[in-house]
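Colleague: Sequence:
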Amino acid sequence: MTPPFATPRAVAIGLLLAVTENVFSLYGSYRIGYNHLTFGHFDLGFLIPFLLGIFGPNILLKTIRPAYGLSGSELLFIFCLGWIGFMVPTWGMSNYFINMIVVPHYFATPENQWGALFFQYLPEWAVVQDTGGAVRSYYIGLAPEAPIPWGAWVVPVFWWLTFFAGLLSVGVCTVTLFRKQWVEHERLSYPLAQIPVLLTETVPGDVSPWPAFMRTRAFRIGFIVTLLAMCWNVGSYWFRWPTVPINAQNGFELGFGRAFPTQVIRMNLISFTLSFFINVDVLFSIWVFQLLNTLEQGTLNRIGITAASGTAIPGGLVAVQFIGGMIAFACWMLWTARRHLGEVWRHVGGKTSSLRDEDEWISYRTAMIVGGAGLLYVIGWLHAAGMSLPVVLALLAFLFTFYLALCRVLAETGLVMVDLPINAHEFTIAMAGSGALSPQNLTALGLGSAFARNWKTFPMIIPSHVARLRGLLEQNGRALFFWCAITFGVSVLTAVVFTMYCGYRTGGAASFYVDIAGGSGFYDLIPTWMKNSTRITAPEIIFLLSGGAITTGIMAARYVFPWWPLSPIGFVVAAGGSVRSAFFPILLAWLLKIILLRVGGVRLYRDAQPLMLGILLGHVVGAAVAILVDFLYFPGSAHEVHTF
0 MTPPFATPRA VAIGLLLAVT ENVFSLYGSY RIGYNHLTFG HFDLGFLIPF LLGIFGPNIL
60 LKTIRPAYGL SGSELLFIFC LGWIGFMVPT WGMSNYFINM IVVPHYFATP ENQWGALFFQ
120 YLPEWAVVQD TGGAVRSYYI GLAPEAPIPW GAWVVPVFWW LTFFAGLLSV GVCTVTLFRK
180 QWVEHERLSY PLAQIPVLLT ETVPGDVSPW PAFMRTRAFR IGFIVTLLAM CWNVGSYWFR
240 WPTVPINAQN GFELGFGRAF PTQVIRMNLI SFTLSFFINV DVLFSIWVFQ LLNTLEQGTL
300 NRIGITAASG TAIPGGLVAV QFIGGMIAFA CWMLWTARRH LGEVWRHVGG KTSSLRDEDE
360 WISYRTAMIV GGAGLLYVIG WLHAAGMSLP VVLALLAFLF TFYLALCRVL AETGLVMVDL
420 PINAHEFTIA MAGSGALSPQ NLTALGLGSA FARNWKTFPM IIPSHVARLR GLLEQNGRAL
480 FFWCAITFGV SVLTAVVFTM YCGYRTGGAA SFYVDIAGGS GFYDLIPTWM KNSTRITAPE
540 IIFLLSGGAI TTGIMAARYV FPWWPLSPIG FVVAAGGSVR SAFFPILLAW LLKIILLRVG
600 GVRLYRDAQP LMLGILLGHV VGAAVAILVD FLYFPGSAHE VHTF
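Everything in the sequence shown is counted per numbering that gives the first Met the number 0, starting at 0 for the first residue and increasing by one.
Calculated directly from the structure, the hints in this document are not laboratory data. All C-beta atoms, glycine included, are put in the ideal place defined by N, C-alpha and C. Treat the hints with care, since some could be wrong.
Taking CB as the label site, the calculated pair distances span [what the hints assert, rightly or not]:
id: 1; residue 1: I264; residue 2: R557; range: 26 to 32 Å
id: 2; residue 1: G254; residue 2: T305; range: 19 to 25 Å
id: 3; residue 1: G254; residue 2: R337; range: 43 to 49 Å
id: 4; residue 1: L492; residue 2: G341; range: 14 to 20 Å
id: 5; residue 1: F259; residue 2: I58; range: 49 to 55 Å
id: 6; residue 1: V154; residue 2: G254; range: 49 to 55 Å
id: 7; residue 1: G254; residue 2: W563; range: 30 to 36 Å
id: 8; residue 1: D280; residue 2: T305; range: 30 to 36 Å
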């Protein structure tokens, strides 16, 4: 019989992990100066607390008292809860959301004209009011004896949390409907989900507390060499000796000529090690389309073909082209899933169907009802915030097109970082034209910066991976779904309360060393839209359609020609800034994987996987050492151990 996974101790440890990673990530950002602890879908803000706070101590406990250690299923369950909690801090959603509710009444000045331009359209229930100086004291800090004005935050936090709950319900229910299509029909590998499986798997009869891969020589070499290199680099904080070029500071820009964008060459060990698990054709396509992206941008600049100055789409014509590819990719994804979705609909309607949903974490009928209710609430919320219904529908159509496409990309590739050159609310304005939208619509769309970000696409990507891992727990998934929902709520409350505490009690948010979404930047977009009538131009439409045509052609070629080397995913993600920054580790992972497969075949490639995991875990432990040193000796002057 499979041991239970949602035991009381596993639930308690999982919730504690979610709280810890939020506090660790937020404090590391605000008070130490680390900008990239949570940037990736699999990053230090999660890995350090899990590996050093749970995984390592569990190995020690199982060595001393084997009967007291966590089982593999408990450990995987804890990992899932921690991964869900990791959707929240800083780059996930908390900084964007808190920025949107607290910025207006502090940064408004006669010069920026916020009060005259859009304050009358800004819902009072959506932002913190400066009653009793609640907003000002958040930025400059409170006197030690003054109480924190919790009451000023209750209303906006409550309404925003209900909105996020609705958005998350739509995302989770959507990935539930698509899981069987991706796992059983398309057989996507979910590379990121392979890491927790390797960390937590147990072999019957194996009494060793160490996972099998950690007992290999390759793992020990990768771990020790990487950890020593990281510690050597930490020593350079005091002594001016040469460093191993694996940190964020080690990099350079490669130029291709006048008017051509430069290509950053920088090592990122998390990107490198996790890219090793991506299919060769995808890796090849990513770096090839990166180069083509650079060449196309430079060529267009040299011959003077650019978008008009009034364009609403940042990134130029090439960025528009890749967005067209993303939309075409999403349409193709829906087309290939049409039969499965039809079966789902027949199953929900009670008609004869071979489809079964016992292995999902919620039933298809529940997913349709909860997801539909969540969607209706999100529509109503946005409409109450001042957005007209046609604009709401357009925004959500673009939002979930981007979310679903990126979720599908991650399920196949496991790219630890991915982004798009434009966000859904900006794309909505670009397509409609800011001059065609009322000030009330533009103000409500400005609030979209709280949720329409592509860094983490929190409602879908991580939940889809947790849904994939659910099958390995071999028990009813309803308990996992329930505790994941609780974990998300606990994480959001932790992030909000701790951010408020840091602002009011540790010198004010204006003194934060890193405030990822701080300042007035998001709200400055609203006057820009109001004062400048922007619309999509004819060249942009042409490039948008050409991007869709290119992606469609690549997908058709993959079906017709078995030897076709390019994947459409490489084109879809090529314009994202985070993927461009990972050009070198992706290229290096592709080159290493090609050499291993050609020299020793699949066997040699599999033998090298523990080496990559050793490098990954050595980097995580070394990063923990670096962060501790910065906390003790260099607060505010943090030495970033990696960047994306």
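Colleague: Hint by hint, which ones does the structure fall short of?
Modeller: Result: hint 4 breaks, nothing else.
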